[in-house]
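So the sequence lines, in the order shown, correspond to chains A and B. Oh and the first sequence: position 389 is 389 in this note's numbering, straight run, nothing missing. Plus 447 on top of the position in the second sequence (first one is 1) and you've got this note's numbering.
Everything labelled a hint here was simulated from the structure, so no lab data went into it. Quick caveat: nothing in here was measured; it's all calculated off a predicted structure. Positions of the beta carbon are idealized from the N, C-alpha and C atoms, including for glycine. Fair warning: there could be bad hints in the mix.
If the Cβ cut is set under 8 Å, some of the chain A residues that face chain B in the computed set are [claimed, not checked]: (1) 213; (2) 214; (3) 359; (4) 361.
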Amino acid sequence: MATLSNRVSRWTLLLFACALANFLAAQGLILVGMTWPARAVSAPGTLAAVHLLVIGWLLLLMLGALFQFVPVITSRPLASQRMALWALIGIEAGLGGMICGFFGIAVSPVLAMALPAGATAVLLGVLAASWNLGVPLIRARPLRLPGRMVLTGLVFLFVTVMLGLSFALAFTVPALAPYLAPLLNAFGDHALAGLGGWFTLTAMGVSYKLLPMFMLAPEDRGIPGDCVHILGTLGFALAVAAGVAQVWVAAGFLRIAQSTGYGAITIAVAIYLWDIRRIYRTRRRRVIEVHNRAAVGAFGLLALGAALAISSLGTGRPEAGAPVGVFLIVFGWLGGLGLTQLYKIIPFLTWLGRYGSRLGRASVPRVQDLVRERRGGPWFVLYFAAILLGGGFALSGSALGFRSCMALVALATVGLVTEYWRAWRGHYARAHQSETAIPPFIANPRG
Amino acid sequence: MTEPFTLDVREMLRSGAEPLPKILQAVGDLAPGQPLRLLATFEPLPLYAVLGRKGFDHSAVRHGEGDWEVLFSPHAADAGPGAAAAAAVPRPSTDEWPRPSAFLDNRGLSPPEPMMRILEALEHLAPGQVLEALNEREPVFLYPELQVRGAAVRTERVGEGVRLLIRCAG
């Protein structure tokens with residue numbers, strides 16, 4: 001018998017709101033020319049924008065989704081609802097500190113200390129979130145594929161944050177610099193652990209649950225699903241470990257291990273994309289909603305971004321294609337998948353919170369009545385097309401072309417945020433509903 | 448034990464015909480205590496509720512793709528000497544719960560439609576009555592709403608889906 005308990009995450013919508021604000025702030029930095037490709041990859045503006053994207057946008061988005069998703073896949077509540085809020089506070093405050101630190105390094109050693117202080121706060125926030133998610137995941141063992149992939153992702157998240165903290169200390173604490181400075185050469189492995197081991201494996205796990213659920217396809221992914229998880233885990237672990245080890249030891253076998261890791265990652269991504277195509281093809285729901293139609297753009301950009309990033313790493317000239325590959329993965333694959341799934345998750349949570357208690361007792365709108373797909377769809381087309389074109393301009397070295405595309409990306413993002421806002425406010429649902437009360441960002445105890 | 452009567456509806460199902468009248472006819476023709484052995488191309492989940500109300504337990508075996516064998520056996524109280532075998536079929540505990548008064552097949556619907564249909568159906572049931580529903584998956588968002596309404600729920604995995612028994616408050 002199933003346990004009865006509250007299944008609506010209290011802080012998820014607030015995390016999504018903060019994440020979207022950070023995403024727009026990062027796009028603002030790119031638009032005003034403070035980042036790559038107008039400036040160097042290691043310029044303070046680039047570092048600020050990158051961390052606004054990966055910590056402010058993607059990390060908060062992913063944690064917000066997981067605080068909702070993990071209790072669903074484990075049938076167990078989070079360790080603590082309040083811990084989700086502490087995680088948000090730690091990460092958001094820490095991110096602010098880190099951004100001050102990036103710009104402060106060139107100004108004064110005191111301001112620079114905001115960098116390790118901020119990184120420490122992010123670490124504490126991540127630990128709070130990991131504990132909150134890890135407790136139900138570990139208690140629910142043996143886990144099915146999505147849960148196993150999320151748990152693996154959390155381990156990579158810890159590795160990523162620890163590497164990042166080491167960089168911050170190497171930059172700012174002279175006493176530690178002799179020991180930690182060589183690690184700065186491993187910033188690519190920091191990115192690989194974060195974007196690959198954490199975000200990509202976790203996003204794959206979440207998609208393995210959400211896509212079959214809304215498209216009515218078989219959830220059990222069998223051997224291909226296990227291959228994605230095992231090869232992906234081994235691939236990212238091997239590539240990151242061998243990459244970091246080469247900071248101290250330049251051994252041939254480490255380079256072979258690193259290349260083997262890249263190979264395993266490539267195969268894992270290829271199997272995953274094939275398997276996702278299989279989910280779309282074997283779905284029983286013929287007409288699918290716009291969030292799953294648009295997600296195809298994210299899967300396509302994963303293929304392109306991963307191919308570009310891994311091929312340029314494999315050829316030993318990462319500076320040529322890797323930044324563009326990373327751009328396609330951050331904006332196209334992870335950001336794109338996030339934006340598409342928010343188009344379903346926000347109306348769904350709003351609908352539960354607003355109409356749950358009246359279901360069956362009064363006429364209520366359907367979840368799809370909270371959105372207008374004809375309005376949302378074109379923004380997704382613009383978003384993905386602009387990312388693709390922007391990647392092309394970046395590859396050809398045209399900073400102006402890239403920034404023009406980023407203006408279109410920002411326009412599409414603002415359009416989508418407006419649609420989320422309207423779904424949450426009940427803008428489209430008013431035709432079905434006489435009341436106009438606005439639901440809180442923070443779900444009430446019953447949801 | 449009385450030999451089961453075997454009814455093969457696989458050809459009917461493949462040709463798109465509705466086998467329910469023939470099945471009910473066969474059930475009506477069974478000798479007291481006699482089980483029905485049904486051969487079908489899929490697990491006939493809606494039939495479990497229909498024949499359950501007529502006093503039959505079921506046990507299903509999947510022999511392969513599109514090949515199911517289901518044995519419907521009369522309950523011990525309704526049956527003759529053959530009842531022991533039927534009673535040995537493992538069944539979820541239903542304690543003092545009455546037989547379901549309503550049945551919903553929510554397979555083929557994506558969330559949250561199953562939840563909406565269940566909550567709507569519950570409003571039409573009297574206190575203490577039971578609703579049986581077949582879902583694609585466990586309706587996790589339904590549980591808090593049932594709790595608020597004072598309804599109790601029992602969940603059982605059936606093949607790829609989930610069978611729910613929900614008893615109204617009262």
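Results for each hint:
A hinted interface residue such as residue 213 of chain A counts as satisfied when its beta carbon comes closer than 8 Å to some beta carbon of chain B; here the least separation is about 6 Å, so the hint holds. At its closest, the beta carbon of residue 214 of chain A sits 5 Å from a beta carbon of chain B; the interface hint therefore holds under the 8 Å criterion. The interface hint given for residue 359 of chain A holds, since its Cβ lies 4 Å from the closest Cβ of chain B, which is under the 8 Å cut-off. Contact between residue 361 of chain A and chain B, as hinted, is supported at the beta carbon level, the nearest pair being about 6 Å apart and thus within 8 Å.
In summary, the structure agrees with every hint in the numbered list given earlier.
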